[in-house]
Structures are given as structure tokens and as C-alpha cells.
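Using the sequences provided together with the hints, build the complete structure.
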Amino acid sequence: MSDLTVVIPCLNEERTIVICVEKCKKVFEQLNIQGEVLVVDNGSTDKTSELATNAGAKVVYCSEKGYGNALRFGFANSNSKYVIMGDADNTYDFLEIPLLWNKLEPDTDMVTGSRLKGKIEKGAMPLKNRYLGTPVLTFVLNLLYGTKLSDSQCGMRLIKKECLDKIEFTATGMEFASELFVEFAKHKFKIVETPISLYKDIEGRKPHLRPWRDGFRHLKYLIKARFK
4 MSDLTVVIPC LNEERTIVIC VEKCKKVFEQ LNIQGEVLVV DNGSTDKTSE
54 LATNAGAKVV YCSEKGYGNA LRFGFANSNS KYVIMGDADN TYDFLEIPLL
104 WNKLEPDTDM VTGSRLKGKI EKGAMPLKNR YLGTPVLTFV LNLLYGTKLS
154 DSQCGMRLIK KECLDKIEFT ATGMEFASEL FVEFAKHKFK IVETPISLYK
204 DIEGRKPHLR PWRDGFRHLK YLIKARFK
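Counting with our numbering, you get residues 4 to 231 for the letters of the sequence shown.
There could be a bad hint or two in this list.
No more than 25 Å apart at the CA atoms, straight line, and that leaves these computed lysine-lysine pairs for DSS-like [said to hold, decoys possible]:
id, residue 1, residue 2
1, Lys28, Lys203
2, Lys189, Lys169
3, Lys122, Lys151
4, Lys120, Lys163
Hint data in this document are derived by calculation from the structure and do not stem from the laboratory.
So, in C-alpha cells, the structure goes:
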């Protein structure tokens, strides 16, 4: 069993995937831990998988489309003590993995990043997300589930694998980011935060996130899960 698996779901990210993999490998050496990079290809039609493999990552293929499906598939294919989730577009800096790793205590089950307490590069987060969407969803999560988070939508998180194995997840899309927090709160797993950075997309990349649609899916999930 390795110490850490970095799970990177991706869909047509050939321009940035090698950068992400190389950053992860550098961190493994820096922390002196046994780690692996697990790239979950969710239907790419470009050279993402080939480039990731050549860079030293393990590539698995998830045929069921969706952010949640890809992450769940990646978690299931990890045998490490801890997993880290992060995006393949290089907007989260994998060189900041030590910020999460060094926050681990024996009773810590998840260390999640907080972009709102960290550094957000100009143009990295739309104003409606930064000042409306993320704060509202975070407020609802904290209100309904008793969490004390500042950024419920951060996509970079370090998670104890044995906790994931105790949960039956159902979310298939972007709302999986909320389901993680909801289930950890229900199971009374300990979550801590640490400030991290967020950087803007490379020029010309089309974002997979659809703010209004995905935001409402998060909100619907949070309310429905609370009362079922």
C-alpha cells in the first residue's frame, strides 16, 4: 500500500496533464512518501491518456460520464492510505499538496483547501462564483449539516481512504463535491481546512463547469439529502 494517490479526473486536458503529473511526482520526492498519480480518463478524444502515461501516471478509463463518476472510479482504484483529488487543468497547484499533507493529524479524516482564504489569481474565478455561488452554497452546507467551512466548492482535498470505503456515494456530476462534505458530516468524520491557491485557465480552454446549472444541482442536492 502506498501512502498517497493523487486522483485526477480529466476530459481532453492534453495541454496541462503532463504539468500536473510532474508536479505530483516532485511532491512525492519532497515529502519522501510513496505515491502514485492516477489519471481517470472520462472519455477524452485527444492525447491526454498517452501523455499522462508517458509522464509516469497510471491511467484508468471511466466510461460513465460525469465528475462524480470519474472521482468515485478513481477512489475505487486506489489502494493508498490517503487520496488527493484535484483537477487536470492546472488551476489547482499540485505543488501545494504539502499544505494539505502537513495539516494531517491522527484524527483528521479530510483536509480541504480553501481558495477564499488563500490566493485567487485575477480572472481565475468568476465574480458570481466568488461572491454569490460559493458563499451561498457554503452557507447552506454549514447551516444544514453543522460544518464550519469557508469554501464548500474547492476541488482540491486530501481524504483518508478508509473513510471513503465506508460511504455509498450516489452523485454522478459536479454535485459530488457537496456529497463528499455531506457524507463526512453525517458520519462525523473530522474535516479541517487550509488556504490554497487558484489560478486561471490556460488561454483558449473551454471550462467544463457550468456555473448556474451546476450551482442549482449542488443546492438541490444539499436540501434533498438533508431531509431524506
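query: Broken hints, numbered, in rising order?
result: Failing hints: none at all.
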